[in-house]
Amino acid sequence: MDLNLTADETKFRDELRTWLEANVPKDWGEWREKPLEESFPYLRAWQRKLYEGGWAAVSWPKEFGGRSATLMEQSLFWEEMARVEAPPMANSLGLGLIGPTIIAYGTDEQKKRFIPKILSAEEIWCQGFSEPNAGSDLASLQTEARLDGDHYIVNGQKVWTSYGWIGDWCELVVRTDPNVPKHKGLSVLLIDMKSLGVEVRPLKQMTGESEFNEIFFRDVRVPVANLLGKVNDGWNVAVSTLMYERGSYGARLHLLFKRNINRLIELSHKFQKNGHPAAQDPITREKLAQCYAEIEIMRWNQLRAFSRITATGVPGPEGSIQKIFWSELNQRVQQIAQEIFGPYGQLLAGDKNAVDNGIWSYGYLRTRGNTIEAGTSEVQRNIIGHFVLGLPRSY
Amino acid sequence: MQFGLSESQQMLKDNARKFFAGECPMEEVRRLMETETAYDQTLWEKMAEQGYTGIIFSEEYGGVGLGKVELALLMEESGRALLPGPFFSTVALAGAVIDAVASPEHQKKYLAPTCAGDARSTVAFLEANASWNPSEIQIAAANGALTGEKLFVPDAAVADFIVVIARNGIFAVASKASGMRITPMLGMDLTRKLYRIEFQNTPAEKIGDISALAKGFDIATTALVCELVGGMQRTLDITVEYAKMRKQFGKPIGMFQAVQHQCADMYLETESSRSAAYYAAWALEENAPDASVAVSIAKMYASDAARSVGNRGIQVHGGMGFTWENDVHLYYRRAKSSETAFGDSTFHRERIARLVIDADERLAKSA
Chain A
1 MDLNLTADET
11 KFRDELRTWL
21 EANVPKDWGE
31 WREKPLEESF
41 PYLRAWQRKL
51 YEGGWAAVSW
61 PKEFGGRSAT
71 LMEQSLFWEE
81 MARVEAPPMA
91 NSLGLGLIGP
101 TIIAYGTDEQ
111 KKRFIPKILS
121 AEEIWCQGFS
131 EPNAGSDLAS
141 LQTEARLDGD
151 HYIVNGQKVW
161 TSYGWIGDWC
171 ELVVRTDPNV
181 PKHKGLSVLL
191 IDMKSLGVEV
201 RPLKQMTGES
211 EFNEIFFRDV
221 RVPVANLLGK
231 VNDGWNVAVS
241 TLMYERGSYG
251 ARLHLLFKRN
261 INRLIELSHK
271 FQKNGHPAAQ
281 DPITREKLAQ
291 CYAEIEIMRW
301 NQLRAFSRIT
311 ATGVPGPEGS
321 IQKIFWSELN
331 QRVQQIAQEI
341 FGPYGQLLAG
351 DKNAVDNGIW
361 SYGYLRTRGN
371 TIEAGTSEVQ
381 RNIIGHFVLG
391 LPRSY
Chain B
1 MQFGLSESQQ
11 MLKDNARKFF
21 AGECPMEEVR
31 RLMETETAYD
41 QTLWEKMAEQ
51 GYTGIIFSEE
61 YGGVGLGKVE
71 LALLMEESGR
81 ALLPGPFFST
91 VALAGAVIDA
101 VASPEHQKKY
111 LAPTCAGDAR
121 STVAFLEANA
131 SWNPSEIQIA
141 AANGALTGEK
151 LFVPDAAVAD
161 FIVVIARNGI
171 FAVASKASGM
181 RITPMLGMDL
191 TRKLYRIEFQ
201 NTPAEKIGDI
211 SALAKGFDIA
221 TTALVCELVG
231 GMQRTLDITV
241 EYAKMRKQFG
251 KPIGMFQAVQ
261 HQCADMYLET
271 ESSRSAAYYA
281 AWALEENAPD
291 ASVAVSIAKM
301 YASDAARSVG
311 NRGIQVHGGM
321 GFTWENDVHL
331 YYRRAKSSET
341 AFGDSTFHRE
351 RIARLVIDAD
361 ERLAKSA
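If you're matching them up, the sequences are chains A and B in order.
Residue 350 in this note's numbering sits at position 350 of the first sequence; the count goes up by one each step and never skips.
Residue 11 in this note's numbering sits at position 11 of the second sequence; the count goes up by one each step and never skips.
Isolated chain B, as found in the complex:
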């Protein structure tokens, strides 16, 4: 039993860190977040060259064929870099869903251009009721076309196709399809833009059943948790550096226990989130019986931990933490968006309760 990274996993992680530091430093993040879509074509092409856009997909489609743990490590590093643009939406979300639900024919159609870096994509799930429960979805396809509204769709404006979750199946809609109107929603996170999509008799291709969605969403959720872990680590690093450098009362503020203990708690929350994220990724890769519980544990814990790490990070920075120029708030904004995505901690505590507490009762009754 070995719960550390293998040599090749460590290498992938180190290379990703170098890649993002070189190609997408904070100045670039700040430039992109001021643009309409936070997307850069050149950066995307470079990521495709690295194999990142095909990391978990079959070599048959031009992918790299690596596992969920490798995806986790890549997401951790992209989270650390606060990578703007549709990488998560395309690879860890739409790609993972297609991989989980679609026929080989549809997989090839949609994943091959994804791997090649020629197509970006996303998933449209939430509606006005903002429920992550698939049974509460209203929109349904009729005669191969969709009518209705989806909200909070990440990166929709740069997507070449959109995977739409409807009552009666999972559909792919081309970006140029008729009757579709995409308008920005003004989200707090400036690096991952959110959109409202209205469908009016929009042609849609059915690619799978809603019953197979859970596996794809578990992968996306775990990837997002890993991204949060990368952001937490960066927030911790920036904060500790500042606490060593900033002097008040003639001493570095990191010498004061009231400050130091905040940093220690940030470390505890970050490391514990990382343990949960890695375990969930491994459990998904192995199809372990506790995989779904593990995903919910990770999302539950990291959703709260990321907010807490951000709160502490801003507080330790004092006045500097409240300025626009300090980077901590950029991670804090991303953390809020990710906290609610795929269900916040309350949602996942209830999911754990159903899987663990209610299952216990059923077991007791059948005994």
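Same shape as in the complex, but just chain A:
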């Protein structure tokens, strides 16, 4: 056990720090609040810059343009990015989830064709997994791909697709064999979103914005060459993407949470509760301290998980405690924010009395999604029960 940085880790961090100091855009603050449609070219340019510096996908193997960074180095990467308040990258799904899946399952041609443009943000990727009737039970999905010569004909509907509106390509899970048990008849296709028969619609969520899309496929022709992995082995391909989803998320979240709680502590000295600053109210203090503590524990859980992955080579289902931990914690942080702000907490962006221009009223609503997206808390508890504790499958 040694939580000090190794010489290699220090070198990695210092090199990155130097690069970021010279290259991080200074005007991100002016763009941050704008709708994504407006800021997207800006984010694309920023990723391009990272790509040229060799920093777009540090976790990827060197031969594919990454740095073969260890999990600890990846964690340092996100820490440093947060420290300088760097903008996010445009192609975050391509870099975080889909690129690694193509590297793991793709043919040489697919790797050559897709990987460089994921890195450079020339092609933005989205992910077509969930369907109206297939959420937690993903394997029951119904979007079908029928073989017709050297093409698949795709028909069906996907929901909750992030970046659908700007996506050039989509990692799509489809049913290629309806006559076998549900997990065994799935395949993954790489679909050009400009294909005839693809229709993208915004999905308005309870926050009022449209982070996600619905995508409709009507007789869309996809070359067989765009099959990722083996036919009817799509479940394994999809699960590996989901594992990346759980692995790479945590490091960034911790820093975001840390910033939130620090800001909340700052604000708790200004807002009054029962005639004195909220920070002096015994119950508010306790709740803030509890959240502060759990945000630290979230990081320690993560570091232990990283060390375990480094020792065993694969992310394990233990990662499921992190998803439950951060999503439920984030909801509690937002709840305390509301308690501190009182009636001001409900004010939306645009009201002159809104706290921090409405980020907390937005956060209160948005975090309800946290325990649902990327595997509901219920599914995570099933995974722990069955795969970690060895209890019989409950579903």
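If you are wondering where the hints come from, they were derived from the structure by calculation, not from laboratory data.
Quick caveat, the model's predicted, so the values are computed rather than measured.
A virtual CB, placed ideally from N, CA and C, is assigned to each residue, including glycine.
It is possible that part of the hints are untrue.
Footprint (simulated), chain B over chain A, 3 or more residues, beta carbon under 8 Å [claimed, not checked]:
1) 150-158
2) 294-306
To give an idea of the chain B side of the interface with chain A (calculated C-beta under 10 Å), a few residues [stated by the list, open to error]:
3) Arg181
4) Met300
5) Tyr301
6) Asp358
Position chain B against the provided structure of chain A, taking the given hints into account.
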């Protein structure tokens, strides 16, 4: 950066698990908890032979000279075994306090027999007001003697000397000192006996100042958290085994999500407590700037988590969980005693608030 155990740390932990499983299985725990002091001389001698009684103390005094992380792992395993007797009181509490506050001369006097397994000890802190805040201590030494009362002192009846925290210093009192009366308090935890000590002009040797106490208490608190983690893990293991085996409605009850999700939450609480405990131990070893906050985070979280894991464990066991013969309640009793020791979660949340929230305000004002 590596937050896993090194090879030698893993070996120490594995050996401790084997040792306690062999020398102090649950039948032995149950035998000892029915005795007056829950102490067994032979077991103590075997622990001394393993080097456990000197694990963190200097080789100069006959100790092993290992760090706080190694102590943490040993405590985790002793907690898993629900080890009765004065190991925590002697090594992680009195020993750590002496190590932190005493002069080399006093260290040698008290730690050398501790390492050799010849002396057991404890710390007397709480008084009638039950406050863990040192500034609320009433008892004070006058002319080298103590008069007053201490409560909730663990393992005092088997201690060869007692470290007494007084207003005007930290004192060592020999068990045979005049004017001292030790009587049992009937605590819920049958494996760690608690005592009331009355001092009447009892001779006491000053060994240190109260200002140096915090470091010793941080070590003791972290060790106790690790012990809780071991108990939580054992409770989880017993419960999962039972949920796989027990059938109702023709199925193992662990197949029902209402049961399975309780087990998943027990796992989450246990693992998160362990992360916090290990981090605190490491931070103390390294004298990291956030060490005290880390200790409070660990104690705060594990105090609540241990109770919650116990609640869930008993519930999943159903009627069996409510019987005397099931072991879960023995861990549950220990967890309650440890929950309040060195401050419960409310106490530590306030300590975190002072260190983090109030510090933030001071920073803002000075800016």
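Hint check: 10 Å Cβ-Cβ cutoff, Arg181(B) to chain A:
With a minimum Cβ separation of about 38 Å from chain A (threshold 10 Å), the hint on Arg181(B) is violated.
Classify the hint on Asp358(B) as holds or violated, based on whether any CB of chain A lies nearer than 10 Å to its CB.
8 Å, holds
Taking 10 Å as the limit, does the beta-carbon of Met300(B) come near enough to a beta-carbon in chain A?
6 Å, holds
Annotated coverage of the region 150-158 of chain A by chain B, confirmed only when three residues or more have a Cβ within 8 Å:
Three-residue rule not met by the region 150-158 of chain A, so violated; n is 0.
Coverage criterion applied to the region 294-306 of chain A (partner chain B; beta-carbon cut 8 Å; 3 residues):
holds (count 8)
Quick check on Tyr301(B) please, does its C-beta sit within 10 Å of some C-beta on chain A?
Since chain A brings a Cβ to about 6 Å from Tyr301(B), closer than 10 Å, the hint holds.
Consistency note: the structure conflicts with the earlier hints numbered 1, 3.
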